[in-house]
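Asks: Between the sequences and the hints, there should be enough to build the whole structure, so can you do that?
This is what each chain is made of:
Number of protein chains: 2
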Amino acid sequence: MEDLLQSAATRTTAMLDALLPPSSGGAKTLYDAMRYSALNGGKRIRPFLVLTTAALFDVPETQALRVAAAVEMIHCYSLIHDDLPAMDNSDVRRGAPTCHKQFTEATAILAGDALLTLAFAALADPATHPDATVRCTLITHLAKAAGGAGMIAGQMLDMAGEKQTLPVADITTLHRLKTGALIRFSCVAGAMLAGKATDDALEKYGDALGLLFQLTDDLLDVEGDTTLTGKPQGQDALAEKASMVNALGISAAKKQADVLRDKAIAALGGFGDRKKHLESLVHFVRYRIK
Amino acid sequence: MEDLLQSAATRTTAMLDALLPPSSGGAKTLYDAMRYSALNGGKRIRPFLVLTTAALFDVPETQALRVAAAVEMIHCYSLIHDDLPAMDNSDVRRGAPTCHKQFTEATAILAGDALLTLAFAALADPATHPDATVRCTLITHLAKAAGGAGMIAGQMLDMAGEKQTLPVADITTLHRLKTGALIRFSCVAGAMLAGKATDDALEKYGDALGLLFQLTDDLLDVEGDTTLTGKPQGQDALAEKASMVNALGISAAKKQADVLRDKAIAALGGFGDRKKHLESLVHFVRYRIK
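Order-wise, the sequence lines are chains W and L.
Be aware that the first sequence starts at 1, since it is given in my numbering, and climbs by one per residue.
Be aware that the second sequence starts at 1, since it is given in my numbering, and climbs by one per residue.
Just so you know, the hints here were simulated from the structure itself, not pulled from any lab data.
Keep in mind that the hints are not guaranteed to be accurate.
One copy or two, either will do: identical chains are not told apart, so a pair holds if it fits within one copy or between any two.
The calculated lysine-lysine pairs, modelled on DSBU-like cross-linking and capped at a C-alpha distance of 30 angstroms, are [to be verified]: (1) 290 / 275; (2) 163 / 101; (3) 263 / 196; (4) 255 / 275; (5) 163 / 28; (6) 204 / 28; (7) 255 / 204.
Replies: Here you go:
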């Protein structure tokens with residue numbers, strides 16, 4: 001599974017490199033900051049999901065890679081802005097200084113804005129799909145997943161939930177928005193590239209996987225090895241973030257992770273042999289150590 | 001002219017009100033901040049340009065209003081982010097507290113992000129134009145105008161130019177990016193809604209008007225009445241911003257404004273009687289007092 005993820009990551013990084021502005025010109029520092037944050041690794045789970053679900057429908061790889069890169073631009077912009085002093089105030093990300101520490105706060109804000117904008121430019125380009133209706137469908141759903149009723153609402157709830165004891169249902173809502181929305185989009189994007197409006201099974205898979213991903217993130221914050229995760233341990237506790245581990249305890253959180261793992265795998269029932277990479281990803285996320 | 005601008009502003013504000021999320025739900029504060037910054041007035045010059053150029057091509061008003069609202073969302077997001085402490089650190093905008101003063105810095109960053117995202121969602125919706133190719137053309141050009149090679153590059157150059165004496169050519173480049181790109185887009189959006197790739201005359205008009213707008217902005221910063229402009233006088237000088245008035249002196253800056261006024265009007269030559277509102281806007285911008 002590590003190999004599959006690594007291969008998807010390499011291909012996505014190459015596409016990102018091609019789509020990002022070159023490091024030159026009057027606004028070179030801006031482009032350097034965009035490249036710093038978008039090309040510095042990360043697991044590229046979302047690109048893997050786009051590429052793998054697109055392959056289920058025999059979508060040409062170049063099209064899928066452009067969508068994968070667009071989703072990753074949105075993901076990277078959200079990390080840059082979430083790390084800012086006014087938000088989570090994080091100095092380290094993926095084992096390196098966060099964008100505002102490496103550059104300046106102003107540059108980090110603008111690099112995030114530019115990545116967000118570039119994601120939509122990448123999708124609107126005819127190279128993403130010859131049918132403009134498909135491109136608009138992708139833009140509509142990505143904007144919904146990433147916007148004020150999706151990921152950004154999740155970040156608001158996350159900040160509002162600090163120093164509070166949220167009920168499990170509220171934490172689930174928060175996770176569905178903050179992490180889940182973009183993961184769900186990544187899972188149905190392949191179907192959209194094949195001309196479908198969505199795909200119920202992949203939507204369910206993405207929902208369970210997104211919740212599982214955030215739950216294991218909460219577990220790693222408590223139990224993870226900081227040399228592997230690339231970020232200091234106990235950050236959530238320090239910021240008194242709403243966390244499934246706090247709400248349920250470690251043992252029950254692990255049981256809930258198993259439930260979500262099984263749900264995600266069950267959703268794939270109709271895909272026959274082609275589902276095996278998506279299945280492997282579920283196990284990888286359940287037992288991830290970084 | 002004031003009446004025409006007011007009428008366009010009222011119709012655009014109604015469309016923004018319909019497109020923005022209602023003030024309710026778990027992320028209510030986010031939506032309140034978006035509405036606070038997008039609905040609190042402003043001259044709505046860009047929406048006026050979209051509506052007026054769309055009328056040249058007999059584009060249905062509802063379509064033009066959606067594009068006008070999208071452009072204004074981008075403009076408002078850029079003001080929110082530019083006003084942040086890490087950038088221009090402005091407390092007052094349009095005579096009222098800036099978004100981060102009224103809410104928090106984190107909320108202001110996210111409200112800007114959400115407005116930027118919503119602009120693309122608004123354009124991608126079939127209600128904007130029945131032909132998805134037209135919608136994608138609008139998205140491509142708006143993303144280019146607003147992104148890392150357009151407006152955002154302009155803000156980077158603006159910050160880099162502080163405490164420096166920039167040559168007139170560099171200030172012109174800065175203005176073309178920071179203010180000009182979005183104004184040029186607003187001028188050609190009407191042609192795009194009529195199915196054209198662009199319109200050279202309107203592009204030239206928008207270029208001259210954009211430079212004129214920024215030049216009169218620089219003049220107002222020196223000579224304007226703060227009760228009319230809604231922002232403190234001398235902010236540019238205080239921040240040692242690159243300014244055409246500093247580079248040329250007040251008298252030469254005013255002569256340059258006349259040159260740009262004449263250029264903008266000359267570009268409209270081919271439009272016959274229908275150009276009169278666009279002409280009036282040039283005079284309004286040249287002699288504006290706020």
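Asks: Does each hint hold? Answer for all of them.
Replies: Against the structure, the hints:
Taking the closest pair of Cα atoms, residue 290 and residue 275 come within 30 angstroms of each other only inside a single copy of the chain (24 angstroms); across copies the shortest separation is 61 angstroms, beyond that limit. Taking the shortest Cα distances, residue 163 and residue 101 sit within 30 angstroms of each other both inside one copy (26 angstroms) and across copies (23 angstroms). Taking identical chains as interchangeable, the C-alpha atoms of residue 263 and residue 196 lie at most 30 angstroms apart only when both belong to the same chain, with a minimum of 23 angstroms there against 49 angstroms between chains. Within a single copy, residue 255 and residue 275 get their C-alpha atoms as close as 24 angstroms, which meets the 30 angstroms cut-off; across copies the closest is 69 angstroms, which misses it.
Proximity of residue 163 and residue 28 under a CA criterion of 30 angstroms is satisfied inter-copy only: 19 angstroms between copies versus 40 angstroms inside one chain copy. In the homo-oligomer, the alpha carbons of residue 204 and residue 28 lie at most 30 angstroms apart only across protomers (27 angstroms), although the nearest pairing inside one protomer, at 42 angstroms, exceeds that limit. Proximity of residue 255 to residue 204 under the C-alpha cut-off of 30 angstroms is restricted to the intra-copy arrangement: shortest distance 19 angstroms within a copy versus 64 angstroms between copies.
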